[in-house]
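Novice: Sequence:
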Amino acid sequence: MKLAFTSVLAISVLALSACSVPTAPQAVSSLDTLLPHPTGRSSATQVKSGPGVSLGVVYSPSTQTNREYLRDYQANAGTGFGQSLLVQPIHDAYVASSKPDMAVEWVNASLQRQFGSVTVYPDMQSLRAARPDVVAIVDTHSQLITSRSSDIKADVSADFYDARLNYIGTAKGSDARELTPVWADFKRSEEIVADINQQQDVQVRALQKFDQSLNNLVARPAAKVSMLDSKQNKKLY
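As numbered in mature numbering (1 follows the signal peptide of the UniProt record, and there is no 0), residues -17 to -1, 1 to 220 make up the sequence shown, in order.
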């Protein structure tokens, strides 16, 4: 009886507190804001890579919006009415599964394994002035659990251009999962935590698919494809 009461209490509070969790921004193409003029198509079918190749990176506006969304998600997870009653493991799961910089850090590490130098620029003007050998526009989008939806999705992509901004190709990864509502009255707190933790699993799978796509796009295959294979990644995530 005590276990049942604890489960119902945790679920009831979760439903109330989840109302304050931000909803995901709309997934929109933001490349037009960075490249307002039509670009040509490069004659290359693969992206040149290796120790002597410099890569310039710009994050799309939607990537910046997505990072802000994840920061808000972490800050608001477990807040609102009933905050003091929310069980700590559920709050911790919300926070641990919504790392704002996970995607950009992963993508940056993947690119560093492929190119001699990788520099992130604040805007296209700065990037063009630097004249790197290859250009990449990185775009990320996340959809996490809210009080209205338990559908989870993660998308990540990098559009590659040559030094003259002629389009070469895109490396991308996507993953999604539909869960039963986390606030369903038959779920125990342990099951709720397991569901919330799947948010990070979906993001990791999308990033692994991105790594595979990137490895297929570059002209020289990398020795390591996935950050999940590295000891450093096991410590971080």
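Source of the hints: derived by calculation from the structure; they are not laboratory data.
For each residue, glycine too, the CB sits at the ideal point set by N, CA and C.
There could be a bad hint or two in this list.
[Unchecked claim] Only pairs whose alpha carbons sit at most 20 Å apart, straight line, appear in this in silico SDA-like list of lysine to any residue:
id, residue 1, residue 2
1, K31, A159
2, K82, A58
3, K155, N198
4, K136, Q29
5, K136, P83
6, K192, Q29
7, K192, P115
8, K31, P83
9, K31, K136
10, K82, P44
11, K136, R171
12, K192, D142
[As the list claims (entries may be wrong)] Beta-carbon label-pair distances, calculated as ranges:
id, residue 1, residue 2, range
13, A202, V103, 34 to 42 Å
14, S26, V78, 29 to 37 Å
15, E51, T28, 29 to 37 Å
16, S132, S26, 28 to 36 Å
17, N149, D106, 45 to 53 Å
18, N199, N59, 32 to 40 Å
Novice: None of the hints should be skipped; say for each whether it holds.
Specialist: Going down the list of hints, with the structure as the test:
no.: 1; hint: K31 x A159; in the structure: violated (31 Å)
no.: 2; hint: K82 x A58; in the structure: holds (11 Å)
no.: 3; hint: K155 x N198; in the structure: holds (11 Å)
no.: 4; hint: K136 x Q29; in the structure: violated (28 Å)
no.: 5; hint: K136 x P83; in the structure: holds (15 Å)
no.: 6; hint: K192 x Q29; in the structure: holds (18 Å)
no.: 7; hint: K192 x P115; in the structure: violated (26 Å)
no.: 8; hint: K31 x P83; in the structure: violated (30 Å)
no.: 9; hint: K31 x K136; in the structure: violated (31 Å)
no.: 10; hint: K82 x P44; in the structure: holds (18 Å)
no.: 11; hint: K136 x R171; in the structure: violated (24 Å)
no.: 12; hint: K192 x D142; in the structure: holds (15 Å)
no.: 13; hint: A202 x V103: 34 to 42 Å; in the structure: violated (22 Å)
no.: 14; hint: S26 x V78: 29 to 37 Å; in the structure: violated (47 Å)
no.: 15; hint: E51 x T28: 29 to 37 Å; in the structure: holds (36 Å)
no.: 16; hint: S132 x S26: 28 to 36 Å; in the structure: violated (44 Å)
no.: 17; hint: N149 x D106: 45 to 53 Å; in the structure: violated (20 Å)
no.: 18; hint: N199 x N59: 32 to 40 Å; in the structure: holds (38 Å)
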